[in-house]
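Novice: Chain by chain, the residues run as shown.
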Amino acid sequence: MSQTTDDGLVRPGVGGGLADVVRARFLLKLLVRKELKVRYRGSVLGLLWSYVKPGVQFIVFYIALGVFLGLEKSPRNENGLPNYAIYLFSGIVLINFFTEALGNASRSIVGNGGLIKKIYLPRQLFPVASVWVSAVHFFPQLVILVAACLFAGWHPSVFQLGAAVLGFVIVALLSTGLGLLFGAANVYFRDSENFVDMLLMVATWASPVMYSWTMVQDKLGPVWFTLYQVNPITVAVETFHWAFWLPTTDGSTPVPPHLLSIWLPVGLVVSALVLLWGQLTFRRLEGRFAQEL
Amino acid sequence: MTTAIEVRGINKQFVLRHTRSIKEAFVWLMKGRKGDLSAKFHALRDVDLTVAQGETVALLGFNGSGKSTLLKHISGVMIPDSGTVRTRGRVAGLIEVGAGFHHDLSGRDNVYLNGAILGMTEAQIKERFDSIVEFAEIGEFIDTEVKFYSSGMYLRLAFSVAVHTDPEVFLVDEILAVGDEPFQKKCIAKIQELAAEGKTLVVVSHDLDLVARICDRGVLLDHGNVMFDGPIDEAVARMRGQR
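The listed protein sequences correspond, in order, to chains A and B.
Our numbering numbers the first residue of the first sequence as 1 and each following residue consecutively.
Our numbering numbers the first residue of the second sequence as 1001 and each following residue consecutively.
Read the hints as simulated data drawn from the structure, not as lab findings.
Check each hint, because a few of them may be wrong.
[As the list claims (entries may be wrong)] Result set (DSS-like, lysine-lysine): computed pairs, CA atoms no more than 25 Å apart in a straight line:
1) A/LYS37 / B/LYS1147
2) A/LYS34 / B/LYS1126
3) B/LYS1126 / A/LYS29
4) B/LYS1040 / B/LYS1126
Input sequences plus hints: build the corresponding full structure.
Specialist: See the structure below:
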């Protein structure tokens, strides 16, 4: 929690970054539990809302995009994607996780201002707890996804399951990194949370959640498509498609080239760098939180 | 004597007014950068303070003299612009008790959450839980959400958690006016007991008679400067004389 000097005296308020979060994991656990308890307080449906909201969102997108805009493969529409419902849902659960995690993490420091102003504790706990809570909400959606996949004849390989875990890790690292960055910036400029809202809207469409990656490649050409692929969310979504959606089809749909050999490691590295950046920025800014809040 | 708190030449400036909108910054630029975009305020000026282990120190001064700011530097909530603050052992604050309480959680959950926020481990909280509830005189209401507590019950529970954190250095900021009179007496007795046990205490209070009873040493602050540092009776007399 503090920096030790030679004679046993320590400087208070000098944090050890994310290492402090590991040390304070009991407090992290309690903060996560608090959030989960408080989130749906006083509502009849309670935690069911975590199922209902993505469910309705999925139905709306499926009807609008799959049926009306013709992305679903059917006898009258040979160019569509087979099992579009699963294609869509496997991307949506990941985007929902990212949206909730980053949105809440960006607001977490200002939201806990009352506490941060009065008591010293590792402040990184708040964004990390937000991401953790979102991961808990992600889980029931994953269960529904797996159930739907099994119903559609899912037969994944061990590699595909492993890749899905890495896809999740990419999004978790990225949202923690950006959450630290924007959470800290939000203390100084409340523009930050509005910027994040905008970013999240863009993120939903800047990765192949609703549409197929081949459409992007056809329109953009190889150079711009490479840039498109650098986005870690794109890679994570494509990985999820490979793990959950592809094994439910006849497997004839092409996977983005070098998805596993190049893009998955690139996605992990980019996310890790963003986390490092967020962490460094957070540590530089946190010294003045108490007086700026 | 072993040093518990060592404050060396710390300065702290606060920016009073922020211009954060593009519009205001633009107007300022157009007017030829007249005036400061932000005014600054010196909260602490070259403050030195060394507290030995087991000392009981009162920080005295009028509102805005920098007492609470100094306390926040010792607790680590704030970091000085220049100078250093160093402490030995765990420092815990009875600063604004109940800051970590959440209205929608039960008393029990809040004891755990607040205990962990104040730096207690899971085992410590479990071990002291009964003692915390007993001291707070909450009894059967411990599983009720704290939003249904009376303000007295709320403060008693918060104080009780804070006082059970058992740190080496206690920072107390104006919370001795907790609850009704019997409970206030109990709190003061508890703080005196801590002092007798050899805990280091730093107290901020406007209740001069009370701090004279608890503390041995008084530090008088005025506009961020240390005006006097010595025996509590003399500090209190000076404080009264200034008025």
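Novice: Taken at face value, is the distance from the CA of B/LYS1126 to the CA of B/LYS1040 at most 25 Å?
Specialist: violated (46 Å)
Novice: What's the verdict on A/LYS34 and B/LYS1126, does the C-alpha distance respect the 25 Å limit or exceed it?
Specialist: holds (18 Å)
Novice: Taking 25 Å as the top limit, are the C-alpha atoms of A/LYS37 and B/LYS1147 close enough?
Specialist: holds (15 Å)
Novice: Taken at face value, is the distance from the CA of A/LYS29 to the CA of B/LYS1126 at most 25 Å?
Specialist: holds (15 Å)
Going through the hint list in order, the structure does not satisfy hint 4, though it satisfies all others.
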